[in-house]
Amino acid sequence: MDASSCFFSNLIYVMSTLLEKHIVELLQERNEKAISLLYENYGDTLYGVALKVVRNEELAQDVLQESFVKIWKKSDSYDVSKAKLFTWLFRITRNTAIDKLRSVNTKTNKEIQINVSDVYTLGVESTKPDLIDVRENLEKIEEKYQIVLDALFFQGMTQQEASDELDIPLGTIKSRLKIGLRELKKIYDPAVIAIALLLSNLF
Amino acid sequence: MKEKIRIFLETDLLEKYLLENTTNEESLQVERYIAMYPEVKAEYDALQDNLEAFAKMHGVKTPDGLKEKITARIRGEKTGRKKFLRYAVAASISACLFAAASYFFYNENQDLQQKNTIVSNQIKDLKQDMKAQLEDVRNQFIVLQNPKTKRYTVKGNKKAKELKAVAYINPVKKLSYINVSKLPNLPEDQCFQMWAEVNGKMVNLGVIKEAGSENNLMALPYGENAMSYITIEPQGGNKTPTIENIVANISY
Numbered sequence: 001m002d003a004s005s006c007f008f009s010n011l012i013y014v015m016s017t018l019l020e021k022h023i024v025e026l027l028q029e030r031n032e033k034a035i036s037l038l039y040e041n042y043g044d045t046l047y048g049v050a051l052k053v054v055r056n057e058e059l060a061q062d063v064l065q066e067s068f069v070k071i072w073k074k075s076d077s078y079d080v081s082k083a084k085l086f087t088w089l090f091r092i093t094r095n096t097a098i099d100k101l102r103s104v105n106t107k108t109n110k111e112i113q114i115n116v117s118d119v120y121t122l123g124v125e126s127t128k129p130d131l132i133d134v135r136e137n138l139e140k141i142e143e144k145y146q147i148v149l150d151a152l153f154f155q156g157m158t159q160q161e162a163s164d165e166l167d168i169p170l171g172t173i174k175s176r177l178k179i180g181l182r183e184l185k186k187i188y189d190p191a192v193i194a195i196a197l198l199l200s201n202l203f
Numbered sequence: 204m205k206e207k208i209r210i211f212l213e214t215d216l217l218e219k220y221l222l223e224n225t226t227n228e229e230s231l232q233v234e235r236y237i238a239m240y241p242e243v244k245a246e247y248d249a250l251q252d253n254l255e256a257f258a259k260m261h262g263v264k265t266p267d268g269l270k271e272k273i274t275a276r277i278r279g280e281k282t283g284r285k286k287f288l289r290y291a292v293a294a295s296i297s298a299c300l301f302a303a304a305s306y307f308f309y310n311e312n313q314d315l316q317q318k319n320t321i322v323s324n325q326i327k328d329l330k331q332d333m334k335a336q337l338e339d340v341r342n343q344f345i346v347l348q349n350p351k352t353k354r355y356t357v358k359g360n361k362k363a364k365e366l367k368a369v370a371y372i373n374p375v376k377k378l379s380y381i382n383v384s385k386l387p388n389l390p391e392d393q394c395f396q397m398w399a400e401v402n403g404k405m406v407n408l409g410v411i412k413e414a415g416s417e418n419n420l421m422a423l424p425y426g427e428n429a430m431s432y433i434t435i436e437p438q439g440g441n442k443t444p445t446i447e448n449i450v451a452n453i454s455y
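Here the protein sequences come in this chain order: A and B.
Counted the way our numbering counts, the first sequence spans residues 1 to 203.
Counted the way our numbering counts, the second sequence spans residues 204 to 455.
It is possible that part of the hints are untrue.
Pair by pair, the computed Cβ-Cβ distance ranges are [unchecked claim]:
1. H22/A x L231/B: 41 to 49 Å
2. I210/B x K185/A: 19 to 27 Å
3. I168/A x I208/B: 20 to 28 Å
4. M239/B x E32/A: 35 to 43 Å
5. K185/A x E206/B: 21 to 29 Å
6. S230/B x E32/A: 29 to 37 Å
7. K74/A x A249/B: 51 to 59 Å
8. S305/B x K74/A: 23 to 31 Å
9. T214/B x K33/A: 40 to 48 Å
10. K140/A x A249/B: 14 to 22 Å
11. I210/B x E32/A: 40 to 48 Å
Straight line, CA to CA, 35 Å or less: simulated DSBU-like cross-link-like pairs of lysine-lysine [what the hints assert, rightly or not]:
12. K178/A x K207/B
13. K330/B x K73/A
14. K351/B x K100/A
15. K21/A x K219/B
16. K361/B x K351/B
To be clear, the hints were calculated from the coordinates, so they are not data collected in a lab.
Every residue, glycine too, gets a C-beta built ideally from N, C-alpha and C.
The following block holds chain A by itself, in its conformation from the complex:
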């Protein structure tokens, strides 16, 4: 990593931390602006999370609405020392989505089918242009790693459950997770994104 990318990576890090701090402060003051900022910065990501779980745009919109109401109501319970802001937002959204799916499924009396292979493609159609680079990058991660990451992060499976569900030995799950995370780190390295952003702004 050269000096400039190091500078950008630090800058991005400082900026995102400052933004996070600002949003948390606003939330704790029960300032409505917090919701607006949260939506602008995390809305698309959380909508993606909801979509991944419920796999229906209408339901996902409901989930996002309910999640934001929960975020607003629970804002005093957020503990900075226990989780990053995004982790907290992700947990709320994911749990809301799972609850939604359960209530819909009990209504329609259908089994929840976890079909991991079609999960990934759904997001791609409606991915916003800004994210295309990242999506392209995502494709750099081999599908077998993605499936493991997906099962653990989105489906909330334990490694054992993922092993059972995907019919892959536990040891393989562990190693694929390790490699998947390493690949992810390569793509997500803030310095790379900073440069990409800088370049996209220049042209």
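Following the hints, put chain B in place on chain A, whose structure we already have.
Same frame as chain A, now just chain B:
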């Protein structure tokens, strides 16, 4: 120690904790490890970053208008809270009113219950009174009509020469009555009192208020060889008869 951390990281507790899939106990354990071991903290932070990165990659553009819907709902929550407060205040006031009303009606009810008891007692007393009076009248009738009834004329001694009374005694029905028809005038602080000695016991029959009409019969306790006395006693009556003030006696 390193081994312990390695074993901990080998389990997927940290990943489960990341997604809030741990039990309370497990969460406490994970939080303890994060607080105690920088290696674990670093791993947890890395996982959080990875989660955010992975999720961002799957970000999907939110549909237009959703933001407005959400902010409107949040605003609704806020006013909802205000509304809730307003309702809470209203509810408290009505609860207070209800409590006050309850207290008032409770007291009222207690009062009415008390009154009811008094009235029903009065009715009971009246009934008993009427029964006694009816019984008395019936007995009088029996005594006066019964051919077995003996009639004694009672006259006063020296101390009350004007005293006149008639006693009716019926040994069959075991009833006895006296009709005091005339009494001499007494000083204001004195009165006539009636007594009966039945089976060796002196019974106070009360003060003779006035010498009345023929109908004014006074019941006497019946007994074999009983004696009745009329004495002059201080106004209001005495507990025991004053023997020297006996003005008349009836033996039956």
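Status of the hints after comparison with the structure:
Hint check: H22/A to L231/B, Cβ distance near 31 Å, so the stated range 41 to 49 Å is violated. Against the hinted window of 19 to 27 Å, the Cβ-Cβ separation of I210/B and K185/A comes to about 24 Å, which satisfies the hint. Evaluation of the 20 to 28 Å hint for I168/A and I208/B yields a pass: the beta carbon distance comes to about 26 Å. For M239/B and E32/A, the hinted distance range of 35 to 43 Å is satisfied, since their beta carbons lie about 39 Å from each other.
The beta-carbon spacing between K185/A and E206/B, approximately 26 Å, falls within the hinted interval of 21 to 29 Å. Separated by about 31 Å at the C-beta atoms, S230/B and E32/A satisfy the suggested range of 29 to 37 Å. For the pair K74/A and A249/B, the beta carbons lie near 26 Å from each other, so the given range of 51 to 59 Å is not met. Range check, S305/B to K74/A: Cβ separation about 39 Å, and the 23 to 31 Å hint is violated.
Evaluation of the 40 to 48 Å hint for T214/B and K33/A yields a pass: the beta carbon distance comes to about 41 Å. As the Cβ distance of K140/A to A249/B is approximately 19 Å, the hint placing it in 14 to 22 Å holds. Separated by about 47 Å at the C-beta atoms, I210/B and E32/A satisfy the suggested range of 40 to 48 Å. For the hint linking K178/A to K207/B, the alpha-carbon distance of about 20 Å falls within 35 Å, and the restraint holds.
A threshold of 35 Å between alpha carbons decides the hint, and for K330/B with K73/A the separation of about 73 Å lies outside it, so the pair is violated. Distance hint between K351/B and K100/A is unfulfilled; the C-alpha atoms sit about 106 Å from each other, more than 35 Å. Annotation: proposed proximity of K21/A to K219/B holds, straight-line Cα distance about 26 Å (limit 35 Å). For the hint pairing K361/B with K351/B, the CA-to-CA distance comes to about 32 Å; that is within 35 Å, so the pair holds.
In this structure, the earlier hints numbered 1, 7, 8, 13, 14 are contradicted, and the remaining ones agree with it.
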